[in-house]
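Asker: One letter stands for each residue in the lines below.
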Amino acid sequence: MDDLDVVGGVADPYGEAAALPTSRRSARAQAVALSVVRSPTGVIGLILISITVGIAIFGPLFAPYNPTAVVGTPFEPPSSAHLLGTDFLGRDALSRVLAGGLTVLVVALLSTMLAYLVAVPAGMLAGLRRRADLVVTPIADLVLSFPSIVFVLVLLAATGPVLWVVVVGIAISHMPRITRIVRSATADIVALEYIEAAVARGESAWSIVRRDVLPNIATPLLTDVGLRFTFSVLLYSSLAYLGLGRPPPAADWGGIINENQLALTYRPLVCVVPAILIALMAVGGSLIADALARTIGRSVVGRAG
Amino acid sequence: MSVWRLIAGRVATGVLTLAAVAIVVFFGMSWLPGNAAQVALGHTATPAAVAALEHQFGLDRPIISQFFSWLGGMLHGDFGHSLPTGVTVVSVISDKLTNTLVLTAVTMAVLVPVGLLLGILSAWRQGHDLDHIVGGTTLSLIAVPSFVLGTTFIVIFAFFLKLLPAVSVINPGQPITLRLLVLPVLTLLCATIGQTIRMIRASMIDVLESPFIEMARLRGASERRILFQHALPNAIGPTIAILALNIPWLIADVVVVEQVFAYRGLGSTLVGAVMSRDIPTVQAIAMIIATVIVVVNLTADVIVILLNPRLRRGG
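So the protein sequences, as listed, match chains H and W.
For what it's worth, the working numbering labels the leading residue of the first sequence as 1, then goes sequentially.
For what it's worth, the working numbering labels the leading residue of the second sequence as 306, then goes sequentially.
Isolated chain H (complex conformation) (with noise of 0.2 Å):
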């Protein structure tokens, strides 16, 4: 069940770096960084992510009405009043999708940060004592094993749909393969020579973390992130699509393609814009996310969760 997400040749592709210099290891992740504005996947990927996060920010502003706001019939065609016409209520479907990003984003953000501030030290603990790592590994494995989307759903039948429980949930389906990756990239760097003379100085533990152990997985951490976030999307916009997202009548770009799916054949626009607007979002995400593999001579091959 090893890698998943992503696939090389070697068994140690972080030792490289690893065993730079500090100066030349901030050179690295720069590097890291610049790759993606050069490789051409890179840039289409940054400009959908810039297209949609910027809808989902400032799009509220944008709205010509309230998107909670009962301003007509349902389903009335597009016209100059309203651009997309309206949704199943009557409301203002161009409001409601201008609205509907931000929720999207925020879950998306919070669950992929609240994922790495468990994992990351989990993973580090795993990697440097192996008592920690007979707890922690299994634990990962189970988790693995399970579809997220699955896994988010019993979670919500035993709580009922409460948003934050999405976003544990969310957080808790990316953390497995977090841990893997900081788990084998810490026992690699722990293993270095510099590290064991380290020890033998009697450096703390924490010292060591701080000082090598925390600027060395930074890349292959940095690689990761685009991936959890676009997996973070796509996860949210599913539960939302299910109806387990932001409870009504928040607007919400998957929850408005469940509320108007029984129009879709006949006016399919109040679906469609926001189906296109997650889209771009996971299919940019996932775009940078490979711009950012390439780097390490990797390339993103399955799924993120």
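Treat each hint with caution, since some may be false.
[Stated by the list, open to error] Chain W side only, calculated, beta carbon under 10 Å to chain H, not exhaustive:
1. Val320
2. Thr322
3. Leu548
4. Ile552
5. Ile590
Just so you know, the hints here were simulated from the structure itself, not pulled from any lab data.
Ideal Cβ placement from N, Cα and C applies to all residues, glycine included.
Dock chain W against chain H, hints included.
Answerer: Then chain W, alone, in the frame of chain H:
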């Protein structure tokens, strides 16, 4: 002898995994906030009615004894009672299980040959135009969520072309027609094929870059011969492992796609049960999904072990 020990090890791991999932699914859902009987009866239910329902379904017994009777029941094919309605979970899910199996089997029957063909072709033409086209398409397909694909296909085939129905509702006792299956299968195929192609391509490239292929090339074997006689047999093991790894993804997409097309299967039943907080049904479907994943992975492991001559001879 050691092959059987290896297989026995995998079986033991599988059983342990299922036991762990059972514990998490049962105790996780019992300890998390939310009283199942209260939820089933609604907020207006009197405490006496709630207590009566709890007693009827054995929810007032100690949790450990509930767990073992739940586990024992499952082993005998008894998944308990659906909470809001009180009918047995088995009667709720049995015909839906068949529907889901049909959907999944048809999808796999198309996915495997197409995925193999495109994966091998793009590995063979690595770095050429075909590889770039397949690579870009699959990367985008992986990123697009299945409900977006599904709604897009509905718009194209039901709104613009008016060729196929927008929903695939199957009434109980009615046979599943091909017409109803086309769009759900197409959506599932597009949602899962990107990952399959890219993984098969990666494992095929590993094989094509190995020394024995180089040797065959130096001996003057034709490219066709190298591909089909040398590389392909060696890619079978990794391919089976890849297909098994993709099963959780396929299941995740089945859940969403069934909902998109209102297809009466396990996935849409799971979503409905989550909405109505029908915990016994959710637990049953979660355990069925876990069992499928464990059994598929186990089967794939055993096939890979038996296919590997070094392991087979007990090396």
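Asker: Report holds or violated for the interface hint on W/Val320, using the least CB-CB distance to chain H and a cut-off of 10 Å.
Answerer: Since the shortest Cβ distance to chain H is 13 Å, the answer is violated.
Asker: Does the closest beta carbon of chain H sit nearer than 10 Å to the beta carbon of W/Thr322?
Answerer: holds, 6 Å
Asker: Can the hint on W/Ile552 be confirmed by a CB-to-CB distance to chain H that is less than 10 Å?
Answerer: OK, holds: W/Ile552 within 10 Å of chain H, min 9 Å.
Asker: Can we keep the W/Leu548 interface hint, with Cβ of chain H closer than 10 Å?
Answerer: Interface hint status for W/Leu548: violated (13 Å vs cutoff 10 Å).
Asker: Just to be careful: measuring from the Cβ of W/Ile590 to every Cβ in chain H, is the smallest value less than 10 Å?
Answerer: With a minimum Cβ separation of about 8 Å from chain H (threshold 10 Å), the hint on W/Ile590 holds.
The structure shown violates the earlier hints numbered 1 and 3.
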